[in-house]
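Novice: Protein chains in written order, with the working numbering: chain A, 1 to 335; chain X, 336 to 592.
Please note that a few of the clues may not be correct.
Said to hold, decoys possible - Taking CB as the label site, the calculated pair distances span: (1) D453/X / P244/A: 48 to 56 Å; (2) L560/X / Y302/A: 51 to 59 Å; (3) E14/A / L560/X: 40 to 48 Å; (4) P569/X / R321/A: 41 to 49 Å; (5) R25/A / L560/X: 24 to 32 Å; (6) D485/X / V48/A: 32 to 40 Å; (7) L412/X / A325/A: 23 to 31 Å; (8) D485/X / E14/A: 34 to 42 Å; (9) E339/X / K129/A: 23 to 31 Å; (10) D485/X / S47/A: 52 to 60 Å; (11) P236/A / D452/X: 37 to 45 Å.
Unchecked claim - With a straight-line cut-off of 30 Å between C-alpha atoms, the simulated DSSO-like cross-links for lysine-lysine are: (12) K78/A / K376/X; (13) K458/X / K181/A; (14) K167/A / K561/X; (15) K561/X / K504/X.
Calculated from the structure, these hints are not laboratory results. Since this is a predicted model, take the numbers as computed values, not measurements. Backbone N, C-alpha and C fix where the C-beta goes; we use that ideal spot for every residue, glycine too.
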Amino acid sequence: MYEDLIGLDSGIEELFVDPDPDNAREYFRGKSRALSNKVTTVEQAVSVLIHDGDYIAVGGFGHVRIPTAVIYEIVRQKKRNLGLAGHTSIYDSDLLATAGCIDRCDISYVIGYEIRGLSASSRRAFESKAIRKTDWSNGALAWRFAAGAAGLSFLPSRHMLGTDTFKHSAAKTIVCPFTGKRFCALPALYPDVAVIHVHAADSYGNGQITEGIRISDPHLARAARKVILSTERLIPHEDIRANPQATAIPYWCVDAVVEVPYGSHPGNMPGEYWFDEDFFKMYLDCVKTEEGSRALYDEYIYGVEDFEGYLDKIGGVKKMRELRAIEKLIYADRG
Amino acid sequence: MHAEYNPLELLVCIGSRIIEDNSTVFVGTGVPMAATMLAQKLHSPNVILIFEAGSVAPQMPGLPISVGDSRTSHKALIASTMNDVMGACQCGRVDYTFLGGAQIDMYGNLNSTMIGDDYQQPKVRFPGSGGANDLASFCWRTVVITPMDDRRFVPEVNFITSPGYLSGKGAREKAGLPAGTGPYKVITNLCILGYDDDTCRMRIESLHPGVQVETVQENCGFELLKAENLEITPAPTAEELRVLREEVDPDGYIIGR
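Bound conformation, chain A alone (with noise of 0.2 Å):
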């Protein structure tokens, strides 16, 4: 039983992104270094830097301090063909997959909501072969990020050996050259765009958080060949040089910069507002169907010019002071 899988050797799954570091550097030898401004519109950042087939990974954790704006202007110009790295996704990536922007994914974590349970139209989406697929852990993909962030071809790891999980991704596996010991090998994330939400940004696009954790974004941003960074606030870039300690990402990964106040709703931001579970439960009982869906996603991000006329449908300014209230613990002694 298992035996199989404990000398495998080779994951089986498809590599969707070539993990060569000299062509990575060759791209990154093209990329301006100047400190331009790069303030656009959410819809011009979309429409100019993603284009159809493209990979694309998206930062935050799935519903913390995700893009969601960037996001939904994705769907709503109904991108096609993209690949994407499931990696701790949730909102983001049941947008993608129920608008059918995607084709391909690195999955680590799909389709849950953590406590509130499963989207079931994300389910219908990867159970579907529309979607092709490759399994990682969260870590491995992490890694994988951080590969690119170095500027390597792959990481070794010790994990996932011996299980499906390493079956069904493209790693393989490599003896150290130190210790003789038998390593996981994780092959470099180079993809085509990030899209990533922060605190603030200064013109240039460094970007701070400054409050909560970073997850993966430090890697991903580095490793991306284009950066889309969306902010709650554009800033001085004085503000940047007084607080350089708070830069996440520097401004030579980014190519756009896009300032969106509540931009990872119905997401937390850290510090600044709380999830909207009221959103939330009403998604997913929306989405169980696929008429429900639709008419959701018709309603919602389809129907609506930009971000500004979504928020006006979820309950603007009004709603997301609630959000921020509890954010900032004025609730905490219920009664």
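For chain A, the structure is supplied; the task is to place chain X on it using the hints.
Specialist: Quick look at chain X alone, frame taken from chain A:
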């Protein structure tokens, strides 16, 4: 006189008792979050909780909904990265991890990926590993908390998402996983299970109040071994239940389903 409790409250209370003060515990989503928070409030105030999104040692003001939300970094010692905390696990700094799963077998292998024969077109697709494979590979002791029935406790899992003892003694090391790691306990609504030292097979170690060995076996799809001295698990105390219901999960996210 004993307090009334539901199966999930029982799971959380008993799970919380395993958590030692001053140990490092890597917490997965769901029941483990409630169990570790209960332990922190009752008997292990200095337990170091670690969450995969990058938070270390928070003092949580309320039950997190996500292992990455802002409650997990409230009054934490460090709000870091996934790389950082996974590295801490791979370095051997983390004592316990608490996990769940859709299926588990007699060696503690866990499936949270899929049911069916065709990987690309599964009958049922689950979220996948998340951090579970990493934690089950790296942490010294893996504790699984799950309700017990014969659809979950199966002779062979459809897909090994996260490693238990794989095919038995020595298999983890042979595969290349760090030595000395592996499954430690399985906490269910019926009993506490451990593992036989020689065979690495699951065994009954403690029965919850009023539960017979036969009931446990009937709810398990494979033959369970028995420890020499079977114990009786003390029932949840009134204090455990009060803190769980009033302070840990007042909205019933975990215990109310």
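Novice: If a hint holds in the structure, say so; if it doesn't, say that too.
Specialist: Results of checking the hints against the structure:
Range check, D453/X to P244/A: Cβ separation about 51 Å, and the 48 to 56 Å hint holds. At roughly 58 Å, the beta-carbon separation of L560/X and Y302/A lies within the given 51 to 59 Å, and the hint holds. A hinted range of 40 to 48 Å for the beta carbons of E14/A and L560/X is consistent with their spacing of about 41 Å. P569/X and R321/A have their C-beta atoms about 47 Å apart, which keeps the hinted 41 to 49 Å range intact.
Look at R25/A against L560/X: about 56 Å separates their beta carbons, and that is not inside 24 to 32 Å. Look at D485/X against V48/A: about 56 Å separates their beta carbons, and that is not inside 32 to 40 Å. For the pair L412/X and A325/A, the beta carbons lie near 27 Å from each other, so the given range of 23 to 31 Å is met. Distance hint for D485/X and E14/A: a CB-CB separation of about 36 Å, consistent with the stated range 34 to 42 Å.
For E339/X and K129/A, the Cβ-Cβ distance of about 48 Å falls outside the hinted range of 23 to 31 Å, so the restraint is violated. Distance hint for D485/X and S47/A: a CB-CB separation of about 54 Å, consistent with the stated range 52 to 60 Å. At roughly 59 Å, the beta carbons of P236/A and D452/X sit outside the given window of 37 to 45 Å. Between the alpha carbons of K78/A and K376/X the distance comes to roughly 49 Å, so the proposed pair goes past 30 Å and is violated.
With a CA separation close to 37 Å, the supplied pair K458/X and K181/A exceeds the 30 Å bound. Note on K167/A and K561/X: the hinted pairing is violated, with a Cα-Cα distance of about 33 Å set against a maximum of 30 Å. Note on K561/X and K504/X: the hinted pairing holds, with a Cα-Cα distance of about 18 Å set against a maximum of 30 Å.
Checked against the numbered hints given earlier, this structure breaks hints 5, 6, 9, 11, 12, 13, 14; the rest are met.
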